[in-house]
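Asks: Note that the protein sequences, when read in sequence, are chains L and X.
Add 137 to a position in the first sequence, counting from 1, and you land on the number used in this note's numbering.
Add 13 to a position in the second sequence, counting from 1, and you land on the number used in this note's numbering.
Hint data in this document are derived by calculation from the structure and do not stem from the laboratory.
It is possible that some hints are incorrect.
[Unchecked claim] Below, a sample of chain X positions facing chain L; criterion: calculated Cβ distance under 8 Å:
#	residue
1	R45
2	Y98
3	P100
4	L105
5	P107
6	H108
7	L121
8	N125
9	L137
These numbers were taken from a predicted model, which means no experiment stands behind them.
Here a beta-carbon is modelled for each residue, glycine too, at the ideal position from N, C-alpha and C.
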Amino acid sequence: MKLLRAALALGIVCGSAGGLAAQSARPIVVASKPFGESYVLAEMFAQLLEARGLTVERRRGLGATEIAFRALRTGAIDVYPEYTGTGLLAVLGEPSRPGQSAGAVFDYVGREFLRRYDVRWLPPLGFENTYAIAVRRATADSLSLRTLSDLARVSSRLRAGFTPDFIGRPDGLPGLTSAYGIRPRDVRSLLPAVKYQALAEGAVDVVDGYSTDGLIRRYNLVVLQDDKAFFPPYEAAALARNAAIRDDPRVAAVLTELSGRLDVERMRALNERVEVAGETIESVARSALSDLGLINVSARGDTAARPARAGSLFDYMSERRAQIGRMALRHLILVALSLLLAIVFAVPLGLALERLPRQAEGVIRGVGLLQTIPSIALLAFMLPALGIGIVPALVALFLYSLYPIVRNTYSGVRNADPAAVAAATALGMTERQVLRHVRLPLAAPVIMAGIRTAGVIAVGTATLAAFIGAGGLGDPIVAGLALSDTRMILSGALPAALLALIVDGVLALAERAATPAR
Amino acid sequence: MTSPHAALAAHAVTKRYGDIPVLDQVSVTVPRGACVAIVGESGSGKTTLLRMFNKLVVPNEGTVEVDGKDVATVEGVALRRAIGYVPQDGGLLPHWRVQRNVELVPWLRGDNARTSRAREALTLAGLDPDRFGQRLPSELSGGQRQRVAIARALAAGPDIVLMDEPFGALDAITRSELQEMYADLRTRLGVTTLLVTHDLREARKLADRVVVMRAGRIEQDAPLRQLVSQPATPYVAELIRRALDDDGRSQ
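Can you make the complete structure from the sequences, with help from the hints?
Replies: Rendered as structure tokens:
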């Protein structure tokens, strides 16, 4: 009974905060992948579309190519910046043919994407951003490294730190291995945020970067020449859903205004402002569009390059407290809804398993296996069916919450005071009555402990929802990781930690309330 | 021995778990209003035999009768609601107050007078319902908990009570008090009692007849006097000798 009451109370909390799934007339959804340049380009797309009178919704930092492109195909987003080489190798799965011209690749992907996916490559923006395999200057000098062929010669002595994306993609490490014979002694999977620092500090010897990275110059790195022309041309362009363009042709017209306007130098400078100087994406994008004469920026003063990374963390967070509060609320709603769903499903399942002890361990182990699926993989897996946004995030969190609740419900009712269970049976309670009046109330504190565990884990896991555009406190964490901005990361991570403590505390109270007096 | 009106009767019952026999061709009867004690070591099969009478254990062979009816034809839950039961550790529901614990069987039977029945039963068991009714089992002493367990067994007014080592976990003085209380109660109420115990002295205090069991068989079934004067087997003789020796020393 008390357990039911606790669950109901939780339900009321969730219900009153719900209603976020409802969405009105559809704006143009502009997305980015989780790295600096993609953020800047997407923000430029968004601001330009807004300046031309279109309504825009931003979905920043979507997982990686896999998630962003699937989101585009399924109509969850309408446009995001992509690179032709990535489209050729990672999406179409074509082999790299050394020496292909940029124009040939663009024509090919343009034709194939339209035919296979009804997705349109808008004319290129004007620069290429190829993979740049970089080493410290000292390494390059001492081993006389200039080209990737040079690297292959010594690769077995070097440790690599590559982004997860690069390690798996055919145009990444596997391709490099077959084209050049590059086989590093050790390959570590590093996020962009820590990659360069790991290289600078000597934790690894070689990293993958982008040729337009602001950080390559900052860390004084040497980019090795692709002497066998292994990497295809990576021309940047807006990749748009053809249906969105059919609905509103202005989308293509407006974004084409950017075509051919961004050269490598300009893009690198913009990236540096974001990644090194720490200016906000919004202000960098706005001043870039203004410099190109595409928008008029009224003298609002905020275009001035504010040294955004000065000032304390406290000031940074207190400036953004309204936004952080909104993200925290959304985070909490995600956790509460998924937890409630998990309770509604897992508690009855645990009770049912008590009656089927032979199947129980197998079923519980199966549920436990869900726990071992990496969350990004789970999110990517669900994308075709559930799209992006809050629904797949809820489903993922729900799946991750099942195990501790099922496990505790099952062992709680199974191990409930054997003497009380035996006596209740011997005095004529039916099995159902024993479950309802003896096992369940005695197991309530154990069940609540499982719910509590699930709740705290969900607060942490929910930060990953940012990869599929579900919002919450993961947003600043993902963006901060992409931009190497510690304060931004902390502005999501600290409230998330606090939220975990609060959820734990509240559920601890519920646990105590559910404990029968003894 | 076998009477058509025996309250409890087991006829040549055998129980095996896998290939291991726990009870081997055992027959016992308890006449209406009598108290029979089954005495034996742990593993002798005495609890298994007891649990056949409320159908918690079903024999592989033989028949079990309650009030002259074969329990195989009776629904288990209804049977258990009609028979009182006192386990060793009380088995009170720890999350229910004393009053509710005692109301359990009347409540299961849909008895509207369960409150007054529980109060009567508590009084019979020597506990003031006003003082103890609202306490939780954890707020009682061991002896008080066993009194509640006895009250719970009697609350629905059963004709038959099964007791499994009911006083085994108590200290000597409390045990003796409760034994005397129950001896008095069962004769006053005329309740048929089957008592499982490993303690011959408890059997002497409470039972009209003693069944000595060993390794799933009955060694002897007789009034205590007869066990003492004519032990049927060396095992019974040894059992009596030790119990009397202990008695001699403690008195």
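Asks: State for each hint whether it applies.
Replies: To see whether the hints hold, each was checked on the structure:
1. R45: With a minimum Cβ separation of about 21 Å from chain L (threshold 8 Å), the hint on R45/X is violated.
2. Y98: With a minimum Cβ separation of about 4 Å from chain L (threshold 8 Å), the hint on Y98/X holds.
3. P100: Hint on P100/X: holds, closest Cβ of chain L at ~5 Å, below 8 Å.
4. L105: With Cβ-Cβ at 7 Å, under 8 Å, it holds.
5. P107: Hint on P107/X: holds, closest Cβ of chain L at ~5 Å, below 8 Å.
6. H108: Since the shortest Cβ distance to chain L is 3 Å, the answer is holds.
7. L121: 5 Å, holds
8. N125: With a minimum Cβ separation of about 18 Å from chain L (threshold 8 Å), the hint on N125/X is violated.
9. L137: With Cβ-Cβ at 17 Å, over 8 Å, it is violated.
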